[in-house]
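*Asks:* Sequence:
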Amino acid sequence: MNSKIASLPPSPIRLMHDRKRSSSIDLGLGQPTLLPDPAPFDAANEWVRVHGCPYAPNAGLPELRENIASIYGGPFCGSRENVCVTSGSQEAIYLTIKTLLEPGRDEVLITDPGYLSYQRCCDIEGVNCRSVRLSPEDGFSVKADDLLAALTPATRMIMLGSPANPTGSVIAEPEMQRLSGALLQRAGPPVFVAVDEVYRELSFQPGAYRSLLELYPHTLAFQSLSKSCALTGLRVGFLIGPPDAVAAVTRTHALLMLAVNTHAQEVALAITREPERLSAHHGWYRRQLDLLHTLARDHQLQIVDPQGAFFCMLRLPDRFASSELAAEELLESHDVVTVPGSVFGSCGEGFLRITWAAHPADLTEGFQRIARFFARA
Numbered sequence: 014m015n016s017k018i019a020s021l022p023p024s025p026i027r028l029m030h031d032r033k034r035s036s037s038i039d040l041g042l043g044q045p046t047l048l049p050d051p052a053p054f055d056a057a058n059e060w061v062r063v064h065g066c067p068y069a070p071n072a073g074l075p076e077l078r079e080n081i082a083s084i085y086g087g088p089f090c091g092s093r094e095n096v097c098v099t100s101g102s103q104e105a106i107y108l109t110i111k112t113l114l115e116p117g118r119d120e121v122l123i124t125d126p127g128y129l130s131y132q133r134c135c136d137i138e139g140v141n142c143r144s145v146r147l148s149p150e151d152g153f154s155v156k157a158d159d160l161l162a163a164l165t166p167a168t169r170m171i172m173l174g175s176p177a178n179p180t181g182s183v184i185a186e187p188e189m190q191r192l193s194g195a196l197l198q199r200a201g202p203p204v205f206v207a208v209d210e211v212y213r214e215l216s217f218q219p220g221a222y223r224s225l226l227e228l229y230p231h232t233l234a235f236q237s238l239s240k241s242c243a244l245t246g247l248r249v250g251f252l253i254g255p256p257d258a259v260a261a262v263t264r265t266h267a268l269l270m271l272a273v274n275t276h277a278q279e280v281a282l283a284i285t286r287e288p289e290r291l292s293a294h295h296g297w298y299r300r301q302l303d304l305l306h307t308l309a310r311d312h313q314l315q316i317v318d319p320q321g322a323f324f325c326m327l328r329l330p331d332r333f334a335s336s337e338l339a340a341e342e343l344l345e346s347h348d349v350v351t352v353p354g355s356v357f358g359s360c361g362e363g364f365l366r367i368t369w370a371a372h373p374a375d376l377t378e379g380f381q382r383i384a385r386f387f388a389r390a
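The opening residue of the sequence shown carries number 14 in the working numbering; numbering runs sequentially from there.
It is worth saying that the hints were derived from the structure and are not from the lab. Ideal Cβ placement from N, Cα and C applies to all residues, glycine included. Please note that the accuracy of each hint is not assured.
Below are the SDA-like pairs computed for lysine to any residue, each with C-alpha atoms no more than 20 Å apart in a straight line [as the list claims (entries may be wrong)]: (1) K33 x A374; (2) K33 x A261; (3) K111 x P255; (4) K17 x E138; (5) K111 x L338; (6) K111 x A261; (7) K156 x E138.
Using C-beta positions, here's what the derived DEER-type ranges look like [as the list claims (entries may be wrong)]: (8) P51 x H295: 18 to 24 Å; (9) S16 x G194: 23 to 29 Å; (10) A167 x P25: 25 to 31 Å; (11) A261 x D311: 48 to 54 Å; (12) D311 x G139: 47 to 53 Å.
The task is simple: from the sequences and hints, build the whole structure.
*Replies:* The following block contains the structure:
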């Protein structure tokens, strides 16, 4: 067996989820509880009834790619050559690292805390990975100067999330402008900035969401229908970026997948023909965020205020020695599933990651139980 795969530990998030009982309140897994709109499935079923279910092109259905480029691509990535359809954003993340980075030579910067797959994908591909620490006092926000100070001659990629899992932070536009401007002036090969935007439609800052795709020509964006449309099981995602990078990733994708299944792409096509479907759930999540703030205030629980996604970091009382032990004890004693903050890096220690995508009644009950758990002597 490949030694890197053999040494890869199981996902701590899934380990906590697998311990869930039928009575548990699940505030751990990033799983939407809303039902998806059936109309795109009806359209896809009708297409298959007429045309069958043949292979799709390796990079994805041309019209779907054109739609994605039109919706998300900005001034630099506005054609279908800028898009590859992948099996969820997770495949796009892994293939980007595998395809565009040279093992043992190139370096990636990630944030701490950050989505744990970035580090793991780098590890199994033998790509060097370094972390830039984020502070809860700043809302775990990304600071361009911290990223720029961490660059070395070996840095070929910066991986960010916006809105971010696990923190819910959104990169501020001035920080994006500072980062893109400095990187464009940097000598040597361009540094890719890979931005995980799967929660883009779930941004709750004032004004329209701004993407680094609009500012920096060497941006790679990961997108998906999983969270915006409650379609985690459909497994349709997108890589958006410079055409030469997308073409290279498509070659690797073709070896791994050939193509994403045609029926799922037809569902995605029906959605992107009416782009307003992508943000149809925004209002429900906005109300959930309001409920989150109310519950935190009423129960005197400290959260790092999320600006997007459907996660937040909940601060632990000082008496807990570790977030891992706290999450295990909370599950065993009060039957609430959460995720230890340390899963996402050392800067996540002292916190639990909470998802507020749960049903409102479950979120309410979960916070009541957490408050009782914290109040124990």
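*Asks:* Within 20 Å, alpha carbon to alpha carbon, are K111 and L338?
*Replies:* Violated, at about 34 Å.
*Asks:* Does K156 pair with E138 here, judged by a C-alpha cut-off of 20 Å?
*Replies:* Violated, because 27 Å separates the two Cα atoms, which is more than 20 Å.
*Asks:* Falls inside 18 to 24 Å, the C-beta gap from P51 to H295?
*Replies:* 19 Å, holds
*Asks:* Indicate whether the distance between the beta carbons of A261 and D311 respects the range 48 to 54 Å.
*Replies:* 52 Å, holds
*Asks:* Need the status of pair K33, A261: alpha-carbon distance at most 20 Å?
*Replies:* 41 Å, violated
*Asks:* For the pair A167 and P25, does the Cβ-Cβ distance stay inside 25 to 31 Å?
*Replies:* 29 Å, holds
*Asks:* Check the following: the C-beta atoms of D311 and G139 are separated by a distance inside 47 to 53 Å.
*Replies:* Cβ of D311 to Cβ of G139: about 49 Å, so the range 47 to 53 Å holds.
*Asks:* K33 and A374: Cα distance at most 20 Å?
*Replies:* It holds: about 18 Å lies between the C-alpha atoms, which stays within 20 Å.
*Asks:* Holds or violated: are the alpha carbons of K111 and A261 at most 20 Å from each other?
*Replies:* With a Cα-Cα distance of about 10 Å, the restraint between K111 and A261 holds, given a limit of 20 Å.
*Asks:* Does P255 lie within 20 Å of K111 when you go C-alpha to C-alpha?
*Replies:* 16 Å, holds
*Asks:* Within a Cα-Cα threshold of 20 Å, do K17 and E138 meet the stated pairing?
*Replies:* Status holds; Cα separation ~8 Å.
*Asks:* Determine whether the Cβ-Cβ distance between S16 and G194 falls within the hinted range of 23 to 29 Å.
*Replies:* 42 Å, violated
Comparing the model with each earlier hint shows violations of hints 2, 5, 7 and 9; every other hint is respected.
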